[in-house]
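Sequence lines, in order, name chains A and B.
In terms of the numbering used here, the first sequence opens at residue 1 and continues consecutively.
In terms of the numbering used here, the second sequence opens at residue 1 and continues consecutively.
Hints in this document: simulated from the structure, not taken from any laboratory.
Glycine is no exception: its CB is placed at the ideal position from the N, C-alpha and C atoms.
One or more of the hints may lead you astray.
Cβ-Cβ distance ranges computed for the label pairs, FRET-style [to be verified]:
#: 1; chain 1: B; residue 1: 162; chain 2: A; residue 2: 97; range: 44 to 50 Å
#: 2; chain 1: B; residue 1: 29; chain 2: A; residue 2: 175; range: 26 to 32 Å
#: 3; chain 1: B; residue 1: 15; chain 2: A; residue 2: 172; range: 35 to 41 Å
#: 4; chain 1: B; residue 1: 48; chain 2: A; residue 2: 54; range: 40 to 46 Å
#: 5; chain 1: A; residue 1: 144; chain 2: B; residue 2: 166; range: 34 to 40 Å
As a list, the in silico SDA-like pairs of lysine to any residue whose alpha-carbon atoms are at most 20 Å apart [unchecked claim]:
#: 6; chain 1: B; residue 1: 151; chain 2: A; residue 2: 126
#: 7; chain 1: B; residue 1: 188; chain 2: A; residue 2: 50
#: 8; chain 1: A; residue 1: 151; chain 2: B; residue 2: 125
#: 9; chain 1: B; residue 1: 188; chain 2: A; residue 2: 48
#: 10; chain 1: B; residue 1: 151; chain 2: A; residue 2: 62
#: 11; chain 1: B; residue 1: 151; chain 2: A; residue 2: 128
#: 12; chain 1: B; residue 1: 188; chain 2: A; residue 2: 130
#: 13; chain 1: A; residue 1: 188; chain 2: B; residue 2: 61
#: 14; chain 1: B; residue 1: 151; chain 2: B; residue 2: 51
#: 15; chain 1: B; residue 1: 151; chain 2: A; residue 2: 131
#: 16; chain 1: A; residue 1: 188; chain 2: B; residue 2: 47
#: 17; chain 1: A; residue 1: 188; chain 2: B; residue 2: 125
#: 18; chain 1: A; residue 1: 188; chain 2: B; residue 2: 53
#: 19; chain 1: A; residue 1: 188; chain 2: B; residue 2: 54
#: 20; chain 1: B; residue 1: 188; chain 2: A; residue 2: 128
#: 21; chain 1: A; residue 1: 179; chain 2: B; residue 2: 49
#: 22; chain 1: A; residue 1: 151; chain 2: B; residue 2: 54
Chain A regions said to be covered by chain B (calculated; three or more residues, Cβ under 8 Å) [unchecked claim]:
#: 23; stretch: 43-57
#: 24; stretch: 133-145
Protein chains: 2
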Amino acid sequence: MLPAPFDVLPETAYRVLNLDAGETLFRQGDPSRGIFYLITGSVRLLRFARGGETIVVHRAGPLETFAEASLFVDVYHCDAILEQAAQLVELRRDPVLRQFHSDPLFAMALTSRFATQVQTYRRRLELLAVRSAQERVFTALAEGFLTGDIKTFATEIGLSHEATYRALSHLVRRGHLIKTGRGKYCVKTT
Amino acid sequence: MLPAPFDVLPETAYRVLNLDAGETLFRQGDPSRGIFYLITGSVRLLRFARGGETIVVHRAGPLETFAEASLFVDVYHCDAILEQAAQLVELRRDPVLRQFHSDPLFAMALTSRFATQVQTYRRRLELLAVRSAQERVFTALAEGFLTGDIKTFATEIGLSHEATYRALSHLVRRGHLIKTGRGKYCVKTT
DNA sequence: CGTCACATTGATGCCTCTCAAAGCTTGTGG
DNA sequence: CCACAAGCTTTGAGAGGCATCAATGTGACG
């Protein structure tokens with residue numbers, strides 16, 4: 001049920017929560033209880049600017065963790081509001097930290113997970129820096145971002161799905177890509 | 001000289017390198033020697049698509065670390081080429097891992113650093129999802145992304161510096177921002 | 001006082017978003 | 001087995017906004 005590396009945690013280290021859309025998971029300034037793993041649904045992490053404007057810091061979706069840094073700081077730095085009803089796991093801070101100190105393998109795995117995420121996000125940021133839709137789509141494809149359907153893919157790379165479809169067919173016409181099926185493409189090997 | 005948490009490492013754990021533009025730091029498939037901290041200059045991390053195209057995975061600048069995940073995997077997964085001549089620190093893998101295992105505070109600090117970076121990158125990704133230049137600039141400002149000059153700021157938030165300047169003056173005119181000096185702005189408190 | 005890099009504003013063109021509509025697939029229920 | 005619905009795929013037309021090129025202003029520093 002829990003993804004690695006959290007699967008080694010004892011049952012007392014976490015609990016499953018079922019929350020409805022609109023409910024508040026935590027608020028900015030609350031003492032941090034732990035980090036969260038989302039099974040289904042979605043959560044928005046919000047901060048508030050001094051002018052009163054709401055700023056979306058992050059939108060967490062299924063199978064993602066969030067509020068990781070709360071392990072190492074004492075209070076949450078943003079609000080977490082349920083966007084859709086969700087089932088999620090609260091990984092309690094103290095047991096996780098205890099595991100971190102007593103189990104070097106867990107510590108390594110956790111750190112490795114974060115380090116890998118850092119690199120993944122850097123890749124996505126570099127991807128979004130590519131201005132041309134065609135080039136961006138090609139790069140994203142070559143980097144393996146296309147896992148589900150095209151619309152999801154389009155959102156992930158910051159393009160409208162129409163622009164993505166057009167870029168895809170251009171790339172096929174130009175011979176850079178091969179269409180292998182409905183919504184399936186692969187990079188042409190020279 | 002080294003930033004936290006690396007400042008606790010013994011002198012034998014790292015060495016300083018001076019490299020010229022165009023030199024190769026490591027190649028994809030090379031056994032991983034460690035992670036790097038860039039003092040000055042810049043490094044491009046590259047992967048190669050099957051069609052032979054070069055893909056920029058990341059561009060590291062001064063005071064950044066990169067190749068963090070190499071601590072936990074055996075080989076590098078991309079090439080590192082010097083974009084500009086650079087002075088950098090190679091943090092050797094084995095001593096760092098040894099410190100990680102023997103020094104819980106170091107382990108925590110390292111993990112905390114990665115977790116914080118994850119959140120920073122998520123914020124930037126969410127920021128880049130904002131289409132309107134004005135809204136993006138405002139959000140970025142409210143989130144404290146403006147630290148250095150405007151051109152750097154513009155690059156970080158994925159806009160041309162001209163568009164950024166225009167958005168800034170619009171926001172000032174509309175009363176959302178206050179110009180506090182040449183290239184200095186702050187969010188208006190209501 | 002001259003140079004350099006940043007800051008600022010103007011004009012133009014292109015690219016992508018947006019709205020719209022029509023094929024195509026798949027799944028569901030009668 | 002067929003009909004229909006729903007959602008993805010694909011293509012079209014139009015408009016707006018940002019990138020780009022260009023030029024000038026301005027502050028810092030030697």
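List of violated hint numbers, smallest to largest: 3, 10, 12, 13, 14, 17, 20 and 22
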